[in-house]
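Q: Sequences listed follow chains Y, V and S, in order. For the first sequence, counting from 1, position 173 maps to 183 in my numbering; every step adds exactly one. For the second sequence, counting from 1, position 468 maps to 615 in my numbering; every step adds exactly one. For the third sequence, counting from 1, position 30 maps to 53 in my numbering; every step adds exactly one.
To be clear, the hints were calculated from the coordinates, so they are not data collected in a lab. Among the clues, some could well be false.
[Claimed, not checked] Distance condition first, Cα-Cα at most 30 Å in a straight line; then the derived BS3-like pairs of lysine-lysine:
1) Lys493/V x Lys121/S
2) Lys140/Y x Lys493/V
3) Lys453/Y x Lys473/Y
4) Lys121/S x Lys438/V
5) Lys121/S x Lys198/Y
6) Lys70/S x Lys453/V
7) Lys399/Y x Lys446/Y
8) Lys140/Y x Lys47/S
9) Lys47/S x Lys453/V
10) Lys399/Y x Lys377/Y
[What the hints assert, rightly or not] If you want the ones that stay clear, here's a sample from chain Y, every Cβ over 10 Å from chain S, calculated:
11) Ser42
12) Glu45
13) Ala65
14) Asp79
15) Pro167
16) Glu256
17) Asp261
18) Arg264
19) Thr267
20) Pro288
21) Glu309
22) Ser313
23) Lys453
24) Gln476
25) Ser481
[To be verified] Covered stretches of chain V, as calculated for chain Y (at least 3 residues, CB under 8 Å):
26) 198-208
27) 392-406
28) 581-588
Small disclaimer: the values here were computed from a predicted structure and weren't measured. Ideal Cβ placement from N, Cα and C applies to all residues, glycine included.
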Amino acid sequence: MSWTTVVGLEIHAQMATQTKMFCACRRGSSTSPNESICPVCVGWPGALPVLQSEAIRCAIRAALCLHCDIQEFSRFDRKNYFYPDLPKGYQISQFYRPYALGGVIPFEREDGSPAELPLVRIHMEEDAGKSVHESDGTSRIDLNRCSSPLLEIVSEPLPMTGKEAASCVRSVRDLLRWVGVCDGDMEKGNLRCDVNVSVMPAESSEYGTRTELKNLNSFVSIERSVLVESARQIEVLTGGGEIRQETRLWDQDREITESMRGKEDSPDYRYFPEPDLPVVQIGSQDVEEQRAALPEMPEIRLSRWLNDYGFPQLETVPLMARRANGDYLEEVIQAGADPSSASNWFRGEILRHLNDRSEKIEDFPVKAAELAALIAAVKEDRLSGGRAKSLLQEALSPAVSLKSLIEDAGSQEQDSDALAEWVDQVMQENPDAIAKIRAGDMKPMGFLMGQIMKLSSGQAHPKKVQELIRSRLS
Amino acid sequence: MGESAGSGVLPAPESTSLEVMAHLKTGKCTTVELIRHYLKYLDTTGRDLGAAVEILSDSALAAAQESDARRASGKPLGCLEGVPFTAKMNIATREGTTDAASGMLRGFVASEDSTAVARLRAEGAILVGKSNCDEFAMGASNESSHHGVVHNPWDRDRVPGGSSGGAAALAGSFGWAFHLGSDTGGSIRQPAAFCGATGMKPTWGRVSRRGLVAFGSSLDQIGPLTRDARDAQLVLSVMEGRDPLDATSQSFNPSETSSMKRIGLVSEGLTEAIAPEIRQRTVEVVEQLKKMGHEVVEVSLGTLSKANACYQVIATAEASSNLARFDGIHTGQRVESEDLEELYSKSRRQGFGAEVRRRIMLGTFVLSSGYIDAYYGKAQQVRSEIRQEMLSALDTVDSLMMPVSPFAPFRIGERVSDPLALYACDILTVTANLAGVPAVAIPCGFDSEGLPIGLQWMGKHGDDHRLLDLATSLQDQDDSWRGLPPGGSQ
Amino acid sequence: MVTDESHPGTDSGRPPIDAELVRKTARLARLEIDESEIPQMVEHMEKILDLVADLGIGSGSQSDSFTETEGESTLPVSEWREDVPATEDQPGGPRDPKALGSNAPDWRDGAFVTPRVVGGD
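So here's chain Y without its partners, still in its complex pose (with noise of 0.2 Å):
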């Protein structure tokens, strides 16, 4: 018999805001345990949840991007449960009123046809803290991340595979990053993913009971334990056995899924509305404000690539990655470069430095402008392209302006001593190649161009250099 898997995610989204959802600490930028908490995220007697409303935004943007319905009223209730990770015994979140319902995810099936995995909700919550286990037998607890603005987005189950359900998950990691909602950075626990798994017979189109799989954090381990799981389900149910609704855990190391033990009781969350919140109300002005501020989004600025700039579909895939490197790339644009030249230069040069360093174009100490000033220069044949990479390189290093750079340049090679002495040089040491071109035979032209060029370290304008040569000859 074929079997067909079901999937449906549970994506927990960490918001990229400053503080923490319900109080003034710092979000995410911690580096001891316990370094930014305050009453509020400690749980203590007294202190009050208050909401933030960039992290409302945040998950307007979210529900914008993903196409769901945006509800004026939403409220936070209660999700009860003790664990040490959770200092006042229950987690603010939104249950019975969540502020986004509907809305798709769109991926790409194996076949790389397009799909769309449809959405139950979105709704806002705070996260728990960290447990670490000692070897003394006991666990530390680290509130850093208590209270941080979470997003939790809920599909409904879907026929899909383990990379189809990956490719869900990186979708969103995508968009999140794209509108500025999330770092995305799975490895780093801002984006988390719980996903259910049921397998049914290939004609059924009845699910089968689910099982849960938690903390999923990384798209190989997303896409493996699905395969692993289903498999793990058909095994049972050929067996004629029965598939219990539980939570499972990942082993990545030893790719197999184990039931949870200790846990005898379902959960019994005894969500009640959160009465130190009032309700929320978002405005269609509020998603107005936020839908003005969303990006150029990648589908579209794609399609303007390829059809507007003529870019080759290849090029452009290190230029999408990241939202910031397009935005910088078309700053170059913007700034008079031709976009050819300033898809090489970015590609080329500043890639290659970021990767080198594992920075982001954010710290990229260019400016747009001055970029698109030196690929100008070159374009006018004011600067030779070797010349300018290796000004490019100089501006690197702080406080250097490659403006300035550009323009001592410039003035330098008009009355340059130095191109003069490279070309008389090469020009006494082949006595040859000159009779052959004073002969009328203009091979060997090519022949001292290289070796003024590898004297000058590439810095020789070639034409320049040409103009020179024909002078001498003449």
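Knowing the structure of chain Y, use the given hints to seat chains V and S on it.
A: Relative to the frame of chain Y, chains V and S by itself:
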């Protein structure tokens, strides 16, 4: 009294806070002299009554010295300059502990002031101590505190009411100071009525709850217990208003500016269930109001009979969640165990008293799967009916009046074994909390045993000061509230 | 007359309270309860739930209670807290971890210490 240990002449014992400020202004005594004497009162009568559990002498005297210096140098003075006050054990203060009268929070140092306390101090009021209360403010007799019982200053064999029993006993036995309590289902008004004090439960959201150890968050309010309504007016005006650290706090405007003319007498507050002498006294006060030119009409609040049941579900449900934070890990006492689940359940079993455990059990049950719709959901529905009815009634009258307690202060130990007997104390007070409206309780004479009787007036959301104006006009007519219990001030 | 065994019920419409329900609730509330305390707890819960039965328990659907937001106080987006970190000297700002750990039963090396935590949520 009259004379102090120093050279100054102290105010009369029954003086209100406003009178004390006038006295200080005349220079008859210094703030240090005043505060020193009040600290002595707390340390003697206050402790004898079981009402004062922490006396903050050092910080209070330092603040008094600063106040005297401000006054001497002609610097601007606060509108509560030099007035002593206490905070209930469930209200966070920089000095002292904030243990909510629970063994669970023994020694808990909040190290910063609740917003209400901070605002009062900023206006020159001087925190002198912390008052006893029922554990986590759950009770109506102040018999569940791990600091021990509080005695009613009018009859020390009787309870002071609760949960703000310490604050009420202090306010009822001696003047000068004001006292912060909290009211979830009557915890300011009922003890105020039992002890002959004035007690005000503001509109929900009017006073920031930041720094108040939560019991039933949607019901809790901090409010003053004072000698009279004028003091309550002043204290409330300093504490109230939006606080960025409490998202539910608001600045309220009165529904109108005129005084309250039409008074509704709640007929359900005069049934057989109410002690005859209290009913009798209510009728007499109605006559007095009429003499003062008020129109008094009978109004029926049919939902009153459901209010206590509704309250028991909502208050315990919220409490079960609010008290989950006391887990023996982040805060609270711990019973050591190598097993996490055992650590939780043993720590919580040991840290909480019997009444608190009972309420956590009930609150957990009414929220649990299979029961939440029938109990918590139903109670929310009834709560909205109660609120609707209250607001409709307040569309026809300015204020609704009824007794505070169905019976006089009872004997210590009389109602401890039966939770229902204790919950019966709340039947007339919980309605204001469920509807979120303001309510003021003022002493209105005594019964034949010499025990205080208190009546309460409720108004629309935001009508707190109009209510206090009404209470003031009544207190101006009849100053029997001025009397202190015999021996109370010693 | 036939009684439905799964719901023996009472006159007031409250569900039967038995020792197992008390044990289950106590487990959910993380409150250790001694077997000897159970009869009294059963009695108290019965009494209180009989009182609460005045509400008309079980009549009609209450699901609106959880989703209805009308009449509740609301805050528009712009009135919530601004996303600006507070400093230690501000009310509502971060606190020295040591001070925050000082009220915890076991605080070592800048962390809350617990018996080994199994699993995760």
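Q: With reference to the structure, classify each hint as holding or not holding.
A: Hints and how they fare:
1. Lys493/V x Lys121/S: Distance ~26 Å between lysine 493/V and lysine 121/S Cα, so the pair holds.
2. Lys140/Y x Lys493/V: holds (24 Å)
3. Lys453/Y x Lys473/Y: holds (16 Å)
4. Lys121/S x Lys438/V: violated (63 Å)
5. Lys121/S x Lys198/Y: Cα-Cα ~26 Å, so holds.
6. Lys70/S x Lys453/V: Since the Cα atoms of lysine 70/S and lysine 453/V sit roughly 16 Å apart, the hinted pair holds (cutoff 30 Å).
7. Lys399/Y x Lys446/Y: Violated - the C-alpha atoms of lysine 446/Y and lysine 399/Y are around 34 Å apart, more than 30 Å.
8. Lys140/Y x Lys47/S: holds (28 Å)
9. Lys47/S x Lys453/V: holds (28 Å)
10. Lys399/Y x Lys377/Y: holds (15 Å)
11. Ser42: violated (6 Å)
12. Glu45: violated (7 Å)
13. Ala65: violated (7 Å)
14. Asp79: Non-interface label on aspartate 79/Y holds, nearest chain S Cβ at 15 Å vs cutoff 10 Å.
15. Pro167: Label holds. Min Cβ-Cβ 22 Å, cutoff 10 Å.
16. Glu256: holds (12 Å)
17. Asp261: Its Cβ never comes within 10 Å of chain S, the nearest being 13 Å, so this holds.
18. Arg264: Holds, since 17 Å exceeds 10 Å.
19. Thr267: Fine: 14 Å to the nearest Cβ keeps threonine 267/Y off the interface.
20. Pro288: violated (5 Å)
21. Glu309: Given a closest Cβ separation of 28 Å, the condition holds.
22. Ser313: At roughly 33 Å from the nearest Cβ of chain S, serine 313/Y sits farther out than 10 Å, so the non-interface label holds.
23. Lys453: Answer for lysine 453/Y: holds, closest chain S Cβ roughly 68 Å.
24. Gln476: holds (60 Å)
25. Ser481: holds (65 Å)
26. 198-208: Contact hint for the region 198-208 of chain V vs chain Y: violated, 0 residues under 8 Å.
27. 392-406: With 4 residues close enough to chain Y, the hint holds.
28. 581-588: Result for this restraint: violated, n = 0.
Hint compliance for this structure: hints 4, 7, 11, 12, 13, 20, 26, 28 are not met, and every other hint is.
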